[in-house]
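**Q** Turn these sequences into a full structure, and let the hints guide you.
In terms of our numbering, the sequence shown opens at residue 527 and continues consecutively.
Hints are not guaranteed to be accurate.
Label pairs and their computed distance ranges (CB to CB) [to be verified]:
| id | residue 1 | residue 2 | range |
| --- | --- | --- | --- |
| 1 | A570 | R593 | 26 to 32 Å |
| 2 | E577 | R622 | 27 to 33 Å |
| 3 | S605 | R554 | 34 to 40 Å |
| 4 | D580 | R554 | 33 to 39 Å |
| 5 | R575 | A553 | 29 to 35 Å |
| 6 | A547 | D580 | 32 to 38 Å |
| 7 | P579 | G535 | 19 to 25 Å |
Hints are computed from structural coordinates only; laboratory data are not their basis. Model, not experiment: these values are computed from the prediction. For each residue, glycine too, the CB sits at the ideal point set by N, CA and C.
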Amino acid sequence: MTEPIVDAGTQVRCPHGGIAAPLVAEARVRVDGLPAVTVATRWAMSGCRGEGPDGCVTAHGIGGSSRVSIGGVPVVRASDRFVGDPSGADLTVVVRGDRVRAG
Numbered sequence: 527m528t529e530p531i532v533d534a535g536t537q538v539r540c541p542h543g544g545i546a547a548p549l550v551a552e553a554r555v556r557v558d559g560l561p562a563v564t565v566a567t568r569w570a571m572s573g574c575r576g577e578g579p580d581g582c583v584t585a586h587g588i589g590g591s592s593r594v595s596i597g598g599v600p601v602v603r604a605s606d607r608f609v610g611d612p613s614g615a616d617l618t619v620v621v622r623g624d625r626v627r628a629g
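**A** And the structure:
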């Protein structure tokens, strides 16, 4: 089954109201003009209302495509799990579109 590839314009939200943005995305591959995201991409969180260890300061994707990679690093799909750090909270991915899909 294929899923949309996450790009730098994809909204990733924490349960405390924060929104994540990729610190550095993979500029060699673009999806709808925006850099694609790999499992190595770290995300900065802004607006998280969680405090201390219950808050989300950064985030990262877990899993990734077993079939599509950029420079040997798997791309992140919309169905992959995102986790807030240090809270460990599961984040929500809001898909922008599904023009490019990966298995």
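**Q** So, for every hint listed, does it hold in this structure?
**A** Hint by hint, here is what the structure shows:
1. A570 to R593: 26 to 32 Å: holds, 28 Å
2. E577 to R622: 27 to 33 Å: holds, 30 Å
3. S605 to R554: 34 to 40 Å: 23 Å Cβ-Cβ, so the 34 to 40 Å window is violated.
4. D580 to R554: 33 to 39 Å: 36 Å Cβ-Cβ, so the 33 to 39 Å window holds.
5. R575 to A553: 29 to 35 Å: holds, 32 Å
6. A547 to D580: 32 to 38 Å: violated, 21 Å
7. P579 to G535: 19 to 25 Å: violated, 30 Å
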